[in-house]
Each structure stands twice: as C-alpha cells, then as structure tokens.
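*Asks:* The primary structure of each chain is shown beneath.
Protein chains: 2
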Amino acid sequence: MNEIRCCFNHPNCNTFCNKKKSSAKAGGKMYFVRTHLDPFDHKQTCLASCLSPCARCQLLKALTPQENTQCQHGLFFLDGQRHVDYILTYPAKKPSTGRSGRPATHLDPSAPTSSAVADVELGSPTGTLNAQEDHKILRREEFEGKLRDMGLELEKDEDTKMSGMGFVKIHAPWNILCREAELMKLKMPTKKVYEVKQLHGVVEKISSLVSKVLEPLHPQVEEHQPKNIKHLSHTFSREKQHLFDLSDKDFFFDSKTRSSIVSRLKPDKTVQIMQQDTFDCLPQLLYEEWANYSVFYKYQPIGLVRKYFGEKIGLYFAWLGLYTQMLIPASLVGVIVFLYGCATVDDNIPSMEICHPRNNITMCPLCDRVCSYWRLSTACATARASHLFDNPATVFFSIFMALWAAMFMEHWKRRQMRLNYEWDLTGFEDEEDHPRAEYEFRVMQKSLSKDQNSKHKVITSFLVSLQLFFTFIEKLTCQDRLPAYMTNIVMMLLMIGVTFAIVFGVILYRISTKAALYMSSNPVTRSNAQLTVKTTAAIINLVVILILDEVYGAVARWLTVLEVPKTDKSFEERLIFKTFILKFVNAFTPIIYIAFFRGRLVGRPGSYLYVFESYRMEECAHGGCLMELCIQLSITMLGKQLIQNNLFEIGVPKLKKLIRYIRSKQGAFQEEERQKKLQRYETDHFLEPFAGLTPEYMEMIIQFGFVTLFVASFPLAPLFALLNNIIEIRLDAKKFVTELRRPVAARAKDIGIWYNLLRGVANVAVIINAFVISFTSDFIPRMVYQYMYSPDGSMHGFVNNTLSYFNVSHFQQGKEPMDPLYLGYPVEMCRYKDYREPPWSNTPYEISKEFWAVLAVRLAFVIVFQNVVMLMSDIVDWLIPDIPKDISLQIHKEKILLVDLFLKEEQGKARNLESRAWTEGKENCRRSSNNNNNNNSSSSSTVAQPRSGLLANSTNSL
Amino acid sequence: MNEIRCCFNHPNCNTFCNKKKSSAKAGGKMYFVRTHLDPFDHKQTCLASCLSPCARCQLLKALTPQENTQCQHGLFFLDGQRHVDYILTYPAKKPSTGRSGRPATHLDPSAPTSSAVADVELGSPTGTLNAQEDHKILRREEFEGKLRDMGLELEKDEDTKMSGMGFVKIHAPWNILCREAELMKLKMPTKKVYEVKQLHGVVEKISSLVSKVLEPLHPQVEEHQPKNIKHLSHTFSREKQHLFDLSDKDFFFDSKTRSSIVSRLKPDKTVQIMQQDTFDCLPQLLYEEWANYSVFYKYQPIGLVRKYFGEKIGLYFAWLGLYTQMLIPASLVGVIVFLYGCATVDDNIPSMEICHPRNNITMCPLCDRVCSYWRLSTACATARASHLFDNPATVFFSIFMALWAAMFMEHWKRRQMRLNYEWDLTGFEDEEDHPRAEYEFRVMQKSLSKDQNSKHKVITSFLVSLQLFFTFIEKLTCQDRLPAYMTNIVMMLLMIGVTFAIVFGVILYRISTKAALYMSSNPVTRSNAQLTVKTTAAIINLVVILILDEVYGAVARWLTVLEVPKTDKSFEERLIFKTFILKFVNAFTPIIYIAFFRGRLVGRPGSYLYVFESYRMEECAHGGCLMELCIQLSITMLGKQLIQNNLFEIGVPKLKKLIRYIRSKQGAFQEEERQKKLQRYETDHFLEPFAGLTPEYMEMIIQFGFVTLFVASFPLAPLFALLNNIIEIRLDAKKFVTELRRPVAARAKDIGIWYNLLRGVANVAVIINAFVISFTSDFIPRMVYQYMYSPDGSMHGFVNNTLSYFNVSHFQQGKEPMDPLYLGYPVEMCRYKDYREPPWSNTPYEISKEFWAVLAVRLAFVIVFQNVVMLMSDIVDWLIPDIPKDISLQIHKEKILLVDLFLKEEQGKARNLESRAWTEGKENCRRSSNNNNNNNSSSSSTVAQPRSGLLANSTNSL
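Sequences listed follow chains A and B, in order. First residue of the first sequence: 32, per our numbering; consecutive thereafter. First residue of the second sequence: 32, per our numbering; consecutive thereafter.
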C-alpha cells in the first residue's frame, strides 16, 4: 500500500525532509512514517514526506484517479474536498439489519434532526429484548443530531470492512471554527509582528555563548520564525478578522480548536471519538526528535508535542522535563554528600571506637535463650557503613532538598507561565465541564423512582424524566450520596488497615522466622539467619506493594464510580485524590515503620516487650535504624521503578508485539490483504485508547515522595530518580507516539490537582526529614554528647555513653542465654543501647536524665528545623517572581501595542469616513443638481453606507 | 445659595426621598445635602433631592435662566450641556501674566496638540530664574495635550475666585467612554435578564425566616432590582452595542469608567485630579445610612460605598465589616473562656494550696540584702488571678482562634469573590502601572550624567534624555539602587535595634527603680514599690510605642522614596512592607520579652544573674508570667486603640473644626460672601486630600496581631477589638464622606498585599500561641505532674513539686537578707521556683531530671500543636470552597445563557439574511427582466449588501 503522506505547507516539513535526506545518505535506514499504523508494515515509507510541496502536488496529479482516490480516501470525505477532523466509532450490530426501522439516510446531513427525538417516545415501550440496543442507537443518533445542530458535517462510512464497528467521519467547516474560536475567546496570532527586545552589551554576549554551548542539547526542530520577532496575539473575533492572517484557512485553526467543538458536547458512552491527523509530518518528526532513546540528553521539543497532542499532554511532558532537569543538581549534591560520607568514614570517632579491638564491650544477647553475649566490635562493618548515610552532611542535604523542592515548585510556576504565554493561553478560562452521563442517569433514576412512588403512569414518568434529564432541575443531594460516601470512608479506612496489617504481618514474619532460624541446629542456617530473613522480607514487602498498587488503583476507581461525581473534572480529581492516598500509604508505611517505630518498642534487658508473649520486638542493628531505612528505601524505590516501569511498561508491550507478530505469521496472507483495504481510522482503532495522564503523574509523584520525604537517609535517591526519568521521558514519548490512539487534544492552563499534591508532599517532607534527622539518625545524641557530656569536647567516649549497663543476674527466669560462656569468659554486666540508669543507682533501669535531655534537644531540633526550612521556602517562594521578568515585560509591551493598534485603526477609519463622506457628499450634490429628482436629502446616514462590514461598524461606533 | 441637587433617574433617590419625608415628619430635622461642602452651611437643604424626577424637571424649567445657569455652573461646561467629570487643579502664578508667551487658547480643544511638543525645545534653554516654573507649565500643558489626544474635552475656568489656583474642567464624551470601556474589557449589564434560581421547600422557608430576622440589620437602601432577576453581563464592545441598554447614555458608564481614562495617563506632580460628583444623592444617603453612629448595629451599604468611592475603598470597608462580624463569635467564646476561668477559680488546687494557711512554705528573698524571706501564701491573690487566664480552656481557645483566623481568611476569599461577581469584575485584569514621575526623573538624571561624561553638547543630551524619557530604553539597574538598598537594610536594622534598646532600657528602668525603691527607708514607698514601678514602666512603654509608631511611619516612607520604585503599586507595596515590619516589631517586642524571656534568665539563689554586676534580672510574680503578659497586652492594646483612634482620629478633627468655627465667627461676613461665589470644586479643594488606605489597613492588621498572636494569654482581646471596630467603621466612614476630598475611584479585585500580611500574621500566631501555652503558662508542668509524678493522679502537691530547695548557708557573701528573722523564725531552707536538685543530692543545684522531662513535653506540645493546628487550618481551607456555590452556579448559568444568546442571534441573522437574499433575488430578477440592461450578474456577493454593520458582519462570517 503506497500511502501518500501529504505534508505541504507545513514549515516543519522541509526541515524534516532535509534531515531525512541527509540521514538517508548516512545510513540508508528506513523509517516508519505513520507511527500509529502497524509498525511491522515496512512498506509505509517516507517517500512523500521528503518531497517539496510542489513535487507533492505534481505527484498527486501524476497518480491515476483511482490511486488518488485511494490515497485520499481515509483523510477526506467522499467528495475529496472536506477533510476528516474526527472519527466517531461505535459498536454496531451487523450493519443494515433494518430491525430498528431507521434507514441509513438518517445520517445524511440534510435529514431533519427532529426525527431522532420523535423516535424516543415510540422506540422505548415496544422494545423488549433489544431495548438496550435500541436505546444505544437512539442515544447515538441523538448525539449525532446534536453535532449536526452545531454545524458540523457528518458522513457515514458505509462500506467499512470491519464487522461490528461503525464509523462516522466528521468535518468542521470554517464558519463553525470561527464561531467556536470566538465563543472560546481563543487567542490567535495577528498579522502584526513586533520585535522582541534584544539584549545588548555583556548580557547579550553571555546569553549567546550559553546558547552556543547548549546548542547540541536542543532538538533539531527549526522554529519557523526568527526568534526576535513575534506575532501579536489577540482574542479571535469575526468582526476583527482583518487583523488575522487568513491566507490559509486550512491551517489557521489547529486541531485543538477543532477538538474543543466536539468536547463541548459530552460524547456518549455509546460512541468513541478519535482525533484524526491533519496531513503533516509531525508524528514522524516527534518520533525522530523526541520518542527516541538516542536523543535522551536533549531538551524535548515541547512546542511540537503541544501542537500534536494538545496543551494538557504538552504540560505533562514539560513538567516531567523540568523535574528531570531539576534532579540533575539534586543528584550531584546527593552524590557529593555520599562521597563525603565515604571520605570521612575513617575519621569517624564512634565507628573507630566500635571497631577498635581494645574497646572490648560485651553486649547483651539479641534474642532470648538461644543467643548469647556478643562483642561490639563485630558490628564494626555496619557502624562504618551507616556513617555513609548518617553524617553531618546529611543534615545539610535535607535542608538543601527542602529548598530544592521549593525551588522546583517555583520554577514550575514560572515555566508554566512562560508556556501559557507562548501558547497564547493567558486569557484562557477553564471550560465548565458538562455533567457526566452516569450522573445524569442517576438523576433520571432518582426522579423515576420518585414518580413511581407517587403512582403515576409509566409513560408520563418517562416523559417527565426525559424532561428532567435535559433540563437538570433535579440534582443529587448529599442524602443521595450518603451511602456512597459512607462506603468510601469505610473502604478507605479498610484499605489503609489492610496495609497496616500487611506491614505488621511482615514484621511478624521477620520476628518469627528469625527466632525459628536461630533455634535451628544447623550452624549455616543460623549464621545466615539475619541475611535470609532480611532478603525474603524485603522481597515480600516489594511484591505486596506492587500487588496492592494495582488493587488500590481498581478500588479507588470503583469507589469514585460509586460516588457518581457530577463532572469529568470532579471525577478525575476525586479519583486522583483517593488513588494518591492509597498508593502513598502503601508505598510509605513500611518505610515509616522502620524510620520511626522499629527499635523503639523493644523494652530493656530483663523486661523485653513481647508480641504474642513469645516473640521479642525487632531491634535495629547497632549502626542505628538509618542504615536499615536506607536499605529498605533503595529496595522499594529501585524495585518499583525497575519492575513497574521496565517490566510493565517496556516488557508487556514487547510481549504483546511478539504475540501479534507470531499470529500475523500464521494468518499472514489474509491479514495483509485485510489490512490493505482498511482505512487509516480503521487501523488506528486497533491501537490502545488513551487512558489519561493520571498513571504517569501518579508514578512521578510517588517518586517525588521517595526523592524528598526520606532524603535525609538516602542521599542517592535523586540520582536513581534522575536515571529512571531519563528513560521514562522517552518511554512515555514512544508510548504516546506509537502505541496509543491519538488522544483528543485538550486545553489546560496548569497541571491542576497535581501541583497541590506536589506542594503537599514537599510540606510533609520538611517534617519527616526533621524527624528522621533528630530521631532516626544519631546526629542529635552525638551533638548532645559533644557539647554537654564529653569531658574534652570531642566525640571520644560517645559509644560508651550511649550504652547502659545491665546486671546479668537480673534476667528473667528462662530468658537468660543458654551458653553464657560463648565469648570465652563469664559475663557479669552486659551493655545495651539505651539511656537508662545503671543497676547500682537508686532507681535501677529507670530512664535517665540524659534520655530526657537528648529528647528535649531532639524535639527542639525538630521545631527549629521545621520552622527555619519553612521560612526559607517561603522566602524562596517570595524572592522568585511567579512570572518571569521577560514575559511580564513582553505582556506589558503587547498590551501597549494592542491599544496603539486599535487607536490607530480607529483614527484611520475616522479619517476614511470623513473623506468618504466628503467625496460622496460632493457627488450627491453633483447628482442632485444634475438630476433634480426628489432624492432623499437626509443622506447623512445613508451616505456612508459601506461596502464592507467593518466600515459599517465604525459608523455605528463613531 | 440655593444649590439645586439633581437626582433624577437614580433609583436610590426615591427611597431616600421617601425616607426623608417620613423622617422630616418625625423630627423635622434638616440634613446637609452636599457633605463635602462646609457642614456649617445649613442652607444646603434636601429640597431638590426630595422631588420626584418629573417635579425636578419642572422645577428646573421654572427657575429663571439666571438661576438655572448658576445651579448648573459648577457641574457643567459653559455650554450647559457637557457635565464635568474631573477637575484638574494646579497652583498658578497669577493668571494671565503672559510671561511664558503661551496664549490661553491652547486650552481650546481645537488647538493643534503638537505645539506643546514644539515648545519643549524652544522653552528650556532660555529659562534662567523661572525655569522651574516654566518646566511645570510645560509639563502641565503636555499633560493636557495628552488628555486632548485621548479625546477628552477640556475647559479652563478663567474666572476663578481663588488666587494662585488654576482649574481645568474635563468632560469625557460618549464615544471616548465606549472606546475605553472596550479597551479595558469592562463588563457591563446587557438587556438580557434572567431569573436567579429560587430556593424551594424547607430551605426557602428557613432562608426567608433568617432574612426576616436580619431585616432590621440591613441598611434602609432599597436595591432597585428585584433580587431574583439579574442582568446578564458581557464585556462591552461597540460592535455588540445592541446588546446593552443604552437608553440613558449619561448613566450607562459610572464614575469608575470615567476615572480609568485619566488614570491611564500618569497625572503629573504639577497637577492634581479631583473626581467630580455626578448629580445624585449618594453622599447624603451614605451619610445617613453609613457614616452614622446610630446605625452601628447594621450591615454597611457596601454597594453604595463602591458606587461612590470605587472598588478599592469598597473592598476595604467590606473587609473591615467582615472582620468585625467575625470578631463577634470570637469575642463570645473569649468571654465564655474568661468566665470559665472565673467560675473554676475556687476549684483550682494549685491556687488553693498556695492560699491554704497550713501550707506554710518559706520562699527565698526576691532581692539581695534588703528583701527577706516571705511566705508563699502572700502570693494567694496573684495565683488566683492568674488562674483566670491560665486554665485548660485557654488551650482550647488558642486552637479555636487559630481556626478562627483560617475561617476568617477563607470567608474573606469568598466574600471577595462574591463582590467581584456582583461588581462585574470577574474578568478584570489589573492595569499595568505606569512608571512614577520620580522614577522617570532618576532615569533621566542617569542618562544625562552619562552623556555629560561623554562630553556631548547640552542641547543634544537634553533631547536624548527626553527621548529616553518617553521610550524608557534606560532603566534603573540593581547597581543604581545598591546604595538605596544598603541604606534600607542598615536603617531597618538600626530601627529594630532602637526598639530592642528601648525595651532593654525599660527593663533597666524597672530593675533599677525597684532596687532603689526597696532601699528606701520609707516603708510606704517600699510597700508600693512593685505597683509604682509596674505602672510607670507600662506608661513609658506605651508612650514610646506611640512615638516610635509615628517616627517609623516617616522613616519607612523616606526609605521607600530613596529606593525610587518604578511604579505606584511597587511603591505602595514596599512602603507597606517596611511600615508593617517596623510597626510590628515596635508593638510586639516588649510583649515578646515578657512572654518568653522574662523570668527565664534569673539564675538561682546563691548564683543569680546580674546586669551591670549589681542588678538582679526580673522575676515574674509567683502566678507565672502569663499574668504579667496579660496586663502588658491589655495596656498596650487598649492604650493604642484609645489614644490612636479616639484621640488622634476623633479629637484632632474636632479641634480643627472648633478652630475653624471660631475663625469663621471672626471673619464671618467676608467668608460667607466668598464662599457663596465659589464653585463646588473650589470649596472641595479646601478639604483634605485622600492619602490612601494604608494607615487604615495598618491599624487593623496590628489589631489583628493583638487578637491572634497572644490570644492564649488574653482571651478578652477579641472583645476589645470588636468594641473598637464598631466605632472604627463609622469613624472611617464619616472621615471619607465629610472630611476628605472625594478620592478618584480606583478599581481593584482584591486587597492585595494585605491579604498576604494577614496570612503571615495568622501563621506566626500558631507558633507563638504554641510557645505561650507550653512555655509561658503552667499548663505543661501541671500535666506532667498529674500524669508522671503525682502519687494519686491529682494535682495535690503540684506547688511543692515545682519549688526547689535552697540551703540559706549557701548564699554568697553580702547577698544574704539583712533581716533573716523577718518572718519571726529562723530559716534554714528556703524555696524557689525551678526544677533543680536539692542541696542534699550528689549534684546540688544542678538542673534536675524533671526539668528535662518537662522541657521535652513542652517541646513535644509545640510540635504537636503547631502541626495539628496547621493541618486543621489547611483542612478548613480545603473544605470551604473559595467560590461560593451559588456564585459558581450563577457564573456557569451566565456562560450558558451567553452562548445561547449568541447562537440564537446568529441563527436569527442567518435566517434574516436568507429571507433578504431571497426577496432581493426575486426583485433582482424582476428588475432584470424589466430593464434588460447589462446588470452585473455576479450579484451573489452584492445582493446581501446590508444597511447595518451587523448584518455585514454576518455576511463576512457565515
């Protein structure tokens, strides 16, 4: 199939074609042109795209009429003139059964639209088995009627080769586009250009140098305008049409305007809408310069992305790009902090003291009976490792990351503002959403049941309900929604409870398995107990998180459907909110347990805390819990990213392709034959539909949580996130370009609720980091020791200070070690990590004064840290203006230029009018003197009768 | 002078007149009509206002032509047709000296406007002595030229009776108003009305009941529309003029639109602009129903305030009203909390224990040498009093107030949104400010000095600078501003340092005076020492605060002028920010000292802390510092309010009036004669100019600080604030209506920086209250004792627990009391309030474990309180939608109605066009068949040549 790709008139095209030629020279490799088509069809080449516009025209002419028709068939109506903007698809029960008695001519644009309404009353009482089918057809026709009422032109594809599917092509004529653009107050570029202020002096040199250095990082997408010239934008209005460059009406409005027309009507459940490509080479260019791993180091061509996919998706990728960019400095600093830890590990006095063989401290046993006393120096390795993450640089790093998060939010605001300006969205207001079909259905049900209670006739009630259905007098009250709300709350609590239970279960698994393994007579098993337990537990945790993630996604959707939100926007927001809470709890509960609870509820030797009266609670290894927190974090984060991204997002599609490939080999011939005859939209229909950006954002926000929430314990998190995101951008891009149906372009000014969630995560991060530093790490105890207790102001003696004494004779009956001579000498006093009074004090084993002092300092640190960081974030927020300076200057300049433009225009009109009136007046005089017939002398108002509507307006207003 | 007040066509007028009649019946009292005129001129009566529109017309006709002219003279141009919208006033050096050689005809609208520009080059090199005067005239004429260029009509008042003043009347013609309204995208009511959704069922009954109950609280200002009908608003556009009700062009645009025209030009320093009253009875109505103490319990007629003073001032009063309203519940709860304290004072175990005569605890002396031991029971009264403010209800109250503040902010957002909607400001964007004259002057100076450095000719440089002046190529860089910034920072720090120094000075005064008085041999002096010192210190504090407030206001203004901000808006914001910081520090430093530092840095018996080696630091009385904090707070707050508001705001104007009255008695006859001949604008010119809302807002925000920041220690603060504000509203209203020139109406969507400052105060309040509760009050020690140390879980023994022991033999040499037997028995151990080890422990007088425990709990409380309250505030923020539901529904409805309106209009046009085309086509045919001349047959485009511009448009677009 030699499908001709038409790409005339598009400035990107030449660039692409030139590039193509050169790359063809270099490698001679073939590219897929229409990436939405089956990528295995190698015959679709870049042939036409590489031709100049003129050549294309000649080529089109050179084709036989039959070929020409075939080429254009999928893109145009049957008349070959009106091109297809949208395709409606719907499942059809065998075409032309005629059961419903409605001829296909109903779809003819000239058919009276009232017939669909008339059918409503007749259709439903007779239907018994096929009632639902009828209802669907009814709804669909009604929808199509609405489309025609709006002025759209529809054409049914009668000879589709796909059974069970119906296709209706839609074309939006020029005047409808104009009207919609006016109603939507769309800003469009006018003919008037102006020069953007040039930098001069040193600034200009620096900026040109910077842009030269960054040159290779920019995608090879030529902008079709010189950068220092910009078109003035103005709200489109038909009365001011002369301001705009309407030389090419086919390209004046892009697909976004076209999309808005249909999206103003709520598409029914019975039909699906696909946006149709206008015939340019955008997808190919995107595939080259964006959805490609080889350009991973480059900026994204956001302008093109927006042009093809609309503002909403453009904003997502812009956000993802900025986030990834911002991760670069964060991961750099993180690596430096980590390296600092590595470098200072040998100067660290506490770990030196632990490792020193002379410091022969005997520790109390780690479990009852089977464990025995142990020497502290065996914990040397852990102590040294934990210094990598638990050093003063970590405190600096968490402050840095809190400010980083604030900077990120601010930068995003600025980027968003800049994009809004560049995309002419500054005056755009969010469209009000229409009620969802489900909501209307529930309202209808409600009023139906009301009417049935009051014993009316069925027909009447149906009519009434229809009336209600269209006028929305009824609405769902809180009372109607109460059961759903209750279910929501209960289910959410239940789900969170499930997460807690599972975490507790894993804890129990760890405790009991460890106890069991320690009891084992096999020494190998015993020595590997710790490792075995930790590894298996971490894997269990990860698997549980991954499974629950899917479950929670489904539960959140189900709960939101139960709620019956009124609009799509509210549906999306509620769904996001619920999913966010559940997934966040799921991902972070085990981590929070390790950070703040593990090792705190242990009790003390002689009076341990027992679960189920037999298992002692877990302790952290001697290096503190920070080390374990770090391990858990990295496993969860890496595991989630590797498995969810790579396995689910790369592997599964690959697998699907493989299966398809094998299948196509089997029925190769038939399939090929069939595919040849299919229209573009028919093949597109086989692609997966676009399911919204929620999963993409959600993935990223959870990652943002990993990067900010516990960064105090894992400075390498930004690095891992960065590596992941570099892949993620191209992965998502590939998915959007090749694997999904082209989504209906949606306009958006901002990323909506996600910004608030990000802000929330950043705020919580401050508090959590404060607690991690003060409670999980040993930072505060070290400080307190150094400045309050140390005899010489150094850290020497710190380890000894943190260990309390226990008299082994105070062990409870049956809990003492079976092998007290394990270390080779009898033990009288063993040590344990806690601040408690020694056995010889008046109040043995009571909490000591040091404990309270350290606690007070810890809490004070939390207060100071939280408030200082919050204040600094606020200052960052305040110092960085939300609107970039150059943009605000430009907006200001545009305002002045626009006012000037209008004033000048008006003066010109006034002068025109005067001169016209003067000449016409003269002519009038001449005529009246010549003819002497009774000419209407009150000509002052009719004199200026203009040829164009514009001058008429000026008469009105001046 | 029988000035006729014209109030036709204004719906408020009838109400007012009816009211007037009835009140005239009741009291027969006379009112001032034109409150901006001298209130002592009782002859200005309400005569004309009380006439119906028709009667007014008859009356006007019945007047002799001479009377009529006189009546209209001040309000209209000399032609009696065009009424005056603005008056420019400027100081003029004896009119018509002719020195500058510019004839008065320059002011004629028909004069060529370029002459002013041409004069620039000629005028300046010649001037020597009168150069500045010339420059001023030049600037003024240039400004007037600009006004004329904009299309405004100017008329000079040649025969003013006031020497040294020039007046220029300005009239904005209809087409200019239309153009400006279009450029400003002003929303205006269209002819289309729609019904606001009626409530029904129970809700309606409740709402009508509520509105009936609240009936007497509403001002007697009838709204001129039924409330359930609303005009659809749409952005004004001359092309859509037919949508609007233009039957009365004089009243279609109100004074706000007129104001915007002049404010788009930056008025020069050389002239002042006064807004002129349109002839309605608004000021009288406002005086009656708003600026009147007798209506203090009523809502404010905000709509009228906005109508007369513009949105900015309207928003201030709306905000003040909401704040006052919100203070009602706060002060109610505050009173209840206080009463709870009163009621439970007898059940309070700690104060019972202190007061119990059997608990004979001997306390250590309060000062060195001269003081002796004392019995704790003598502190009984203080202990009981402090319970009033230091009880568990206070904790509840400060949480309540934090939430109250959040609620207040939210409610204000909603109110603002509602007002924005009602005032048709929803689409309004802030106008870009023009650079201030001072800024331009500095830029000019800069470029001048640059040019002079490069040794150019003077003339050239002047021309260049002028060019620069108009195109703003140059701007002030950070480098230019560096000295000003440095001065700013240094001065701000210096001023804050001064405040600290003064507070420290007052402390020293207190310590030294107390010591001196205790040394006195006079027993009366000694016994009154405490009282004398406290009273005098508080008064000194208050006086210092009041004086520094004025000083700081001046300093902040000076610093801001130094900075040379670019625009008026930025000037205002910088000024506000600096004033706010200085005044806040000034007001709250003494209070913060008492709350958090006093009594903490005392040391302990035997090792007290000394200032200047001789004065012991102050201690709080035994009841805790909360009591003293409360006293200081109430004195500062009440003192500030009473003196600043009542003395400065009421007293000073009264005094001025009295002086004026006495003076007018002296020169009564001359004055009256002169006044009679003066135009309205000439008398108005004697009133004080409007100085901005900053002082009003500043006063209120400092009060908001008193209400929220330390509310934990002073639950009656909201009550005092409420009482003050009830007066404040009417006081401000009176000032605006009678004592100030009518300010130029300014548009504003929000209260700007004040909202952020309020938000900041509310946030700081949470932290400060947390600290006050945990550190200043005894709440936490009581809790800790009850749950950790109390043997029986009650508060018994708490007092004993908080007192440490001191062995009197450990007193330093020379510091022991001179009269150790003062109590009648020898003392071995005395007690002091602190958590320290007893003398018999291993570490005597060391800080005890209890201290650390209490400190840890205190800090934990701060963390919990801060985060919980912040979370709750966020939840309040999140639960209360920013846009009231009914408003958002209405906005949605209006959007739909507008789209419907346009679509219908278009369909109508299309149909019209079709029928026209059909009939004209028919006629064409007839004509062509009849005449048979060579008619142009391509008539399809000329057939529909329309009469009106609107139809032309539809041809273009359809």
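Hint data in this document are derived by calculation from the structure and do not stem from the laboratory. Where hints are given, some of them may not hold.
For chains that are exact copies, the list does not tell them apart, and a pair is met inside one copy or across any two.
The calculated lysine-lysine pairs, modelled on DSS-like cross-linking and capped at a C-alpha distance of 30 Å, are [as the list claims (entries may be wrong)]: (1) 343 - 685; (2) 600 - 671; (3) 766 - 222; (4) 935 - 243; (5) 271 - 940; (6) 597 - 935; (7) 271 - 187; (8) 880 - 597; (9) 916 - 940; (10) 223 - 177; (11) 222 - 271.
*Asks:* All hints, please: hold or fail.
*Replies:* Right, here's what the structure says about each hint:
no. : hint      : result
1   : 343 - 685 : within (27 Å within a copy, 63 Å between copies)
2   : 600 - 671 : within (29 Å within a copy, 51 Å between copies)
3   : 766 - 222 : neither (37 Å within a copy, 52 Å between copies)
4   : 935 - 243 : neither (41 Å within a copy, 56 Å between copies)
5   : 271 - 940 : both (13 Å within a copy, 18 Å between copies)
6   : 597 - 935 : between (48 Å within a copy, 28 Å between copies)
7   : 271 - 187 : neither (36 Å within a copy, 39 Å between copies)
8   : 880 - 597 : neither (59 Å within a copy, 60 Å between copies)
9   : 916 - 940 : neither (36 Å within a copy, 46 Å between copies)
10  : 223 - 177 : between (37 Å within a copy, 25 Å between copies)
11  : 222 - 271 : both (12 Å within a copy, 24 Å between copies)
Taken one by one, the earlier hints fail for this structure at numbers 3, 4, 7, 8, 9, listed in ascending order.
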